[in-house]
Amino acid sequence: MNAHFEYILRIGDDSLILGQRLGEWCGHGPILEEDIAMTNISLDLIGQATSLLNHAGSIEGEGRDGDKLAFLRFERDFKNVILVEQPNGDFGMTMMRQFLFDAFRQPFYEALQKSTDLQLSAIAEKSLKETKYHLKHSSEWVIRLGDGTEESHNRIQESLDLLWRYANELFYMDEVDQLMIEKGIGVDLNAIKLSWDATVNAVFEEATLKIPSNNWKFEGGRKGLHSEHLGYILADMQYMQRAYPNMEW
Amino acid sequence: MVNSTKIWALLEEVSDPEIPVLTVVDLGVIRNVAIEGEHVQITITPTYSGCPAMKLIEDQIIEKLNENGLMDVGVDLVLSPAWTTDWLTESGKNKLREYGIAPPENEVDKSVLFSAPTVVPCPKCKSSNTRMVSLFGSTACKAHYQCNECLEPFDYFKCLR
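Order-wise, the sequence lines are chains X and R.
Heads up: the first sequence at position 64 corresponds to 64 in my numbering, and the numbers run straight through without jumps.
Quick note, my numbering runs 1000 ahead of the 1-based positions in the second sequence.
I should point out that these hints are in silico values taken from the structure, not numbers from a laboratory.
One thing to keep in mind: the hints can contain errors.
[To be verified] Quick partial rundown of chain X residues pointing at chain R, CB under 10 Å, derived from the structure:
(1) Ile-31
(2) Glu-33
(3) Glu-34
(4) Ala-37
(5) Thr-50
(6) Ser-51
(7) Gln-113
(8) Gln-119
(9) Ser-121
(10) Ile-123
(11) Ser-127
(12) Glu-130
Yeah, the Cβ is synthetic: ideal placement off N, Cα and C, and Gly gets one too.
When you get a sec, could you build the whole thing from the sequences and use the hints?
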């Protein structure tokens, strides 16, 4: 296994699958402004995924570019965390999923800017600016809904109760991470966990939300073991290339 | 003889596909022009990662230079240093304002839903009594505002730093 390729693939797949999920809101947002906001964020994430997967392909050196990696891999070859493939649910669920992810991505990209892989560092520098806007957006919605009406509070608390079990996987590390940290390419996720904790705790306090006491935690995405949802996402996303191989437009 | 002044002048004629009032030079996406013999290499940078206009900008640059007899042209894309609205030229900001898009104020928006967002004067009536409707607008680089005085809805080219 090429650890360098694998490492970038994981980051790229997180962006790609969350971007695809957010894109499902296109034309279905609760209000026009949020429809546009979610698709804007989707576009940023898919743009980041394009840069990351193109770079992963060049590191792999087997002639696969970002498009080939996105459209011609099977489920088990995707290495995203399980959180990002979870269904959109209601608007609050989507904002909660986004918030848990953005609160991780901001300190992650800050640290990744120091990568000795200069292209990866450049992608991090570029993406960080976008991620700051995303985190502002998702955190303020979590606060508004949590500290809102009884119904909005209850519904977003239920989203937190459901999604919390997937949050821990954001900090999953294995031999790929260890190798990349040793080479100065990757980020030690233990070092950014405090920052994530601080953001999450501050926002939940203001939002009057409670972190569930149930500590049941999912992982497996980094090894290609996913929830049932990923296959359906890929069926939708990859349809055109599967039905008409190598088509371009 | 190819010289960089001539190439920069030609690039001034290539407009941004999404905001045609701006040239790619105004936008600050041209990072370098290098000439080596007959070969011209232009380096560009995207405004946002997902900006769908980059490929078209690349094609338009090549087309413009080809039309002017420069046949050996390459365009490459760099991400670092990351684009910032500080690279918009002054003339670009004025063109935006005249076009009806408020140019970036010199601060990153602090708020989506709470506290006071950046004060952005209305490009139509100049009033500072405006409100942010949404931090995310018709393209990745814009937010959506409305003027409370003349009621005109308008785009704000948001500050990115």
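Evaluation of the provided hints:
no., hint, verdict
1, Ile-31, "holds, 9 Å"
2, Glu-33, "holds, 4 Å"
3, Glu-34, "holds, 8 Å"
4, Ala-37, "holds, 4 Å"
5, Thr-50, "holds, 7 Å"
6, Ser-51, "holds, 6 Å"
7, Gln-113, "holds, 9 Å"
8, Gln-119, "holds, 8 Å"
9, Ser-121, "holds, 7 Å"
10, Ile-123, "holds, 6 Å"
11, Ser-127, "holds, 6 Å"
12, Glu-130, "holds, 6 Å"
In summary, this structure violates none of the numbered hints.
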